[in-house]
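A.B. asks: Sequence:
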Amino acid sequence: MTTTITLSSDDYQALLSDHQALLSEQQRLANQLRLVTVERDLLKEPLDAFLHRLYAAKSEARANPAQRDLFLNEAEALAPNGAPIAEETTPEGVEVAAHNRKKRGRKPLDPHLPREIVRHLCP
1 MTTTITLSSD DYQALLSDHQ ALLSEQQRLA NQLRLVTVER DLLKEPLDAF LHRLYAAKSE
61 ARANPAQRDL FLNEAEALAP NGAPIAEETT PEGVEVAAHN RKKRGRKPLD PHLPREIVRH
121 LCP
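Going by UniProt numbering, the first residue of the sequence shown is number 1, and it counts up by one from there.
Honestly, the hints are just simulated from the structure, not real lab data.
C-beta: ideal position from N, C-alpha, C; glycine also.
Any given hint could turn out to be false.
To be verified - The following label-pair restraints were derived from C-beta to C-beta distances: (1) LYS58 x ALA98: 42 to 52 Å; (2) ASP10 x ASP41: 55 to 65 Å; (3) ASP11 x LEU51: 53 to 63 Å; (4) LEU35 x THR4: 27 to 37 Å; (5) HIS52 x GLU95: 28 to 38 Å; (6) LEU29 x SER8: 42 to 52 Å; (7) VAL36 x ASP11: 50 to 60 Å; (8) GLN32 x ASP10: 30 to 40 Å.
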């Protein structure tokens, strides 16, 4: 069972113009979506850079070049090149006063306190 629909030329032209309007609207929305996507990506780049700078590993030496040489050993810098630096010597025997370690744990109760022995019999 097929149904045949007949259209007048005015109705056909109206359908064609509506179809063209829908296609142009669809194209406009696709272009707008592309534009919004590009804008989002452009705004996301500085945000990602800021978040990286905020939460990344930090070092004062990297942040401020003046801080880089803060902890250099001055003796090494002043020593002539090629001359070995004398090693520090420590005395062979170090005397420490004798001491007794305290016992660990709870202190015992005073022996003069009264004591009461309670026995529980199990049936």
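A.B. asks: Taking the hints in turn, state whether each one holds.
C.D. replies: Hint check:
1. LYS58 x ALA98: 42 to 52 Å: holds (48 Å)
2. ASP10 x ASP41: 55 to 65 Å: violated (47 Å)
3. ASP11 x LEU51: 53 to 63 Å: For ASP11 and LEU51 the Cβ distance comes to about 58 Å; the hint holds.
4. LEU35 x THR4: 27 to 37 Å: For LEU35 and THR4 the Cβ distance comes to about 45 Å; the hint is violated.
5. HIS52 x GLU95: 28 to 38 Å: Roughly 56 Å apart at Cβ, these two residues miss the hinted range, so it is violated.
6. LEU29 x SER8: 42 to 52 Å: The hinted range 42 to 52 Å is violated for LEU29 and SER8, with Cβ atoms some 31 Å apart.
7. VAL36 x ASP11: 50 to 60 Å: violated (37 Å)
8. GLN32 x ASP10: 30 to 40 Å: Holds: the Cβ-Cβ distance is about 33 Å, inside 30 to 40 Å.
Hint check: violations occur at hints 2, 4, 5, 6 and 7; the rest are consistent with the structure.
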